[in-house]
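Colleague: In case you want the letters, here they are:
There are 2 protein chains.
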Amino acid sequence: MGKTKLRVIPLGGLGEIGKNMMVFEFGDDMIIVDAGLMFPEEEMLGIDLVIPDITYVRERIDKLRGIIITHGHEDHIGALPFILPELQVPVYSSRLTNGLIRVKLKENKALDGVNLNIVQAGDEVHLGAFRVEFFRVCHSIPDALGLAIHTPVGLVIHSGDFKFDHTPVNGPPTDFAKLAEFGQRGVLLLLADSTYVDTPGYTESEQVVGDALRRLMMEAPGRVIVATFASLISRVQQVIDAAYVLDRRVCIVGRSMVDTVQMAMEMGYLTPPEGVLMRVDELGRLPPEQIVIVTTGSQGEPTSALARMANRDHRQIRIQPGDTVIMSATPIPGNEQLVNRTIDNLFKEGANVFYGRSSGVHVHGHASQEELKMLFSLLRPQYFMPIHGEYRHLALHARLAQRMGITPERISVSANGHVHEFSPTAGRMVGKVAAGYVFVDGLGVGDIGHVVLRDRQLLSRDGIFVVIVAMDKQTGQIVGRPDIVSRGFVYGRDSEQLFDMARDLVVETMDGGSEHILELSLVNRNVKDALSKFLYDQTKRRPMVLPVVMEV
Amino acid sequence: MGKTKLRVIPLGGLGEIGKNMMVFEFGDDMIIVDAGLMFPEEEMLGIDLVIPDITYVRERIDKLRGIIITHGHEDHIGALPFILPELQVPVYSSRLTNGLIRVKLKENKALDGVNLNIVQAGDEVHLGAFRVEFFRVCHSIPDALGLAIHTPVGLVIHSGDFKFDHTPVNGPPTDFAKLAEFGQRGVLLLLADSTYVDTPGYTESEQVVGDALRRLMMEAPGRVIVATFASLISRVQQVIDAAYVLDRRVCIVGRSMVDTVQMAMEMGYLTPPEGVLMRVDELGRLPPEQIVIVTTGSQGEPTSALARMANRDHRQIRIQPGDTVIMSATPIPGNEQLVNRTIDNLFKEGANVFYGRSSGVHVHGHASQEELKMLFSLLRPQYFMPIHGEYRHLALHARLAQRMGITPERISVSANGHVHEFSPTAGRMVGKVAAGYVFVDGLGVGDIGHVVLRDRQLLSRDGIFVVIVAMDKQTGQIVGRPDIVSRGFVYGRDSEQLFDMARDLVVETMDGGSEHILELSLVNRNVKDALSKFLYDQTKRRPMVLPVVMEV
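As given, the protein sequences belong to chains C and A, one line each in that order.
When we follow my numbering, the leftmost residue of the first sequence carries the number 1, and every step to the right adds one.
When we follow my numbering, the leftmost residue of the second sequence carries the number 1, and every step to the right adds one.
Rather than coming from a laboratory, the hints here were simulated on the basis of the structure.
Hints are all accurate, no fakes.
Label-pair distances were calculated between CB atoms; the ranges are:
(1) Gly171/A - Pro321/C: 37 to 47 angstroms
(2) Asn524/C - Arg279/A: 43 to 53 angstroms
(3) Asn311/C - Gly449/A: 19 to 29 angstroms
(4) Glu282/C - Gly436/A: 38 to 48 angstroms
(5) Gln497/A - Pro321/C: 50 to 60 angstroms
(6) Gln402/C - Asp123/A: 56 to 66 angstroms
(7) Asp123/A - Thr303/C: 51 to 61 angstroms
(8) Val445/C - Thr475/A: 41 to 51 angstroms
Just a sample of chain C residues kept apart from chain A, beta carbon distances all over 12 angstroms, derived:
(9) Lys106
(10) Glu133
(11) Ala177
(12) Arg249
(13) Glu274
(14) Asp313
(15) Thr425
C-beta: ideal position from N, C-alpha, C; glycine also.
Sequences are here, hints too, so could you generate the full structure?
Modeller: Okay, here's the thing in structure tokens:
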């Protein structure tokens, strides 16, 4: 690598939604931006979490000067408990983000000896060859930051997750003047959030949600229950404000919601008027039309407070006819069925539920097409790399950049693990490094690979069929009848005949060989093939067939 | 049951999307409306299809006079191959629906000896106490019918799946005059489609799609590939029309698309201008900008033509830069990830893809809120039962009916298996009958129940851990070392130590008992408990643990 080139290496967040991580390297210095997790996709059966593969960083650990976190969402901070104990470098983030990181590290018993630093918009930190300047952006969590990374070859802007909300709920809007100033100074490379690039127009302001919440709360005949993300602190503030105006009191329910609200109040990010909050044991003292409940469960998570209420499984709160439930969130892709089931159950209990786009009770936190164009207009970067999105988002963002005048050869639609080098006058991809998935399953981090996952997929489809044969060590003859253990294939009680035929087939197959069978693996293979074919012919199902020959 | 009461029993389609089936019974006569299938939900692992439980019908088979099918979609005809051979009654449907039923029965080798009858809007059939009159409705398949079921206690209207499209593509719009006439005569009970009741306003006309297709085709620099449902024949006609106007030729690709197009042409539902269609082997003769390909795969089905093209796995067609792909369909809930993956792969191959609501290339086939209100205005029914939808849709439809002046006690938000009785002056629920899921998996219809499914779910999460112990019949002592077979739990090669500790534990547990162990099931239980706890402590995973003790 040239000593005068900047290396940019995405280790996560490209071609996927989640586990965001970017590496910047110049000479002997390296920084990481964001360290997120991803929730497992449908076919990652049994996996708890997915984090980035940091092999590239691990092999250059001496260069690593620090980790910068843009905001406090799981897909930006969630990998820290798994990588920070090993990397042992300072972390830089805003005050709220820092609080959320602490909670996360503590939950995972990884808080000891870490070096966490608080920064704010306008601050700068020097990390080797890099000078990182922070600027304010709006997102669906307060205290989100964008980054101006001053490097020896030029200025790199990393948007973080952002939108341009002119009337945000918490704090001032995105700092346009600052962005224009960067544009004046000259931007070498822009990395920008692609999550909602397929949406035309502008993302609506958080204020729209405030209006809708107030209207629904005014019309609600009884209690109002609002479900949203615990991290969406501005939304909680909006609910509290509406309740206060309408003489309702607010009860916070659900562990992560209670924890986050408490932390946000202590840190000053949430400011409920005196006396508006109430404890859950006070609910019985007020008439329903004076009650608002704010809770987790907007994603239908089976153990969340809202799902428990919907299932009559919550210790303190039961849904009653006349309740109004507001789902103030969009289902994350993959969660649709869980969310729908929760809504169905709420209706069954007699609640009226407001959900979906047309109800106006949620706006997301990412820039739409016109905002992304605005970002290009302000920054006028020489090079562009779309980040944070599945491949279609990156591709569409590249098309949008072209319409904004950036020529195709200056746009990198990249992928995790692709290494890009930039000089003041050139930028290109120079190679690839490891950047796959690291699966977290129980205590195991990275021990589960494709073999185990493929087996889980096979098992999930048609179950398993284990046949056990005892074989005399001396004679090579079968001892007794083969034993069969099967799960997830057919209902055992109805299948005695099928199992018996299978036993016969096994005996037949093994007898067909030589008198003394020396090659056990061959026996296994023959029995497996014969059984698989037999079972498929009989049932048109393909259980995993496992022959076990025990020498006795 | 009163001899003067009408019984209405939903056996499917309520509280779910799919496997629609309604039973109407009066005295000694019974009819079925629709016989659909449902695609398995996420947790129905390995299941191919789900069909209604017809136990109630089976037990009264002598009363059954016929089956009426409203239109040719899978969720209305798909159960016929599995139930018709047993029920052996006449089926009544429109001409196109009849054609699709024939295809379906033939595929399943169930066409022999069936009695299929063609009807059209305006026709009447007499089935015992029932006189069924058919009227035209618009839906996302041609030749859809609504039903006016004249019964001794009054007129029942069954909407089928419908929308009010004033400018449909195939044939005339929904017959408003007929609906008004029914309203004049007096409607006892309305059963109406609830699928899109959560959508405000009107469903857009198919014409909107025609305009969008023409515009995109005009702007496309190369080939245009349109993916849609094979049954959406009107959409295929729109694509052909646009191509013809713009001097492009059309190639139909994908087995089910080719079959349906051919049948629709033979029956006159699809009328391509002379010379516009071309064979796939002619593709090479034309420049890209004169080519349109119509294909299956709009749901991302891995074996569909579009998914194969996206994966470079199609025998004849490869995506090339400059291709424009139009996803002219909405992902069915549950298919989102497959659809997104296909779109990502198409972009990777260099295509530009138009998808999603904002692209304007698809409208669905169901009435939105204002259309549903219109239906109430025209029919002014005494009683109302929302059908075709998950619970939230039924509940919202009930609220809408209330706003249209129907009092709550005359609205039945029902469920599959609930039995309702209606007289000219009263309607109420009187009981429940069996109406669950019947799973089709391979050759098995109904043999898979909750036990097998639960096992598949367990297996899918943390795999299986089988431990086999040979035990001397005489002494009750263990012979040799226990054998372990595990799949989907940990990666075997890295786990020799864990397996060895598990073997020791098994030996220890079994030795801990009496010298001669008589109670094998107790041994099994002890070994299972000890192993499960050990493996959880070591890994925080819970594989299915199966001890097998072989007496030798």
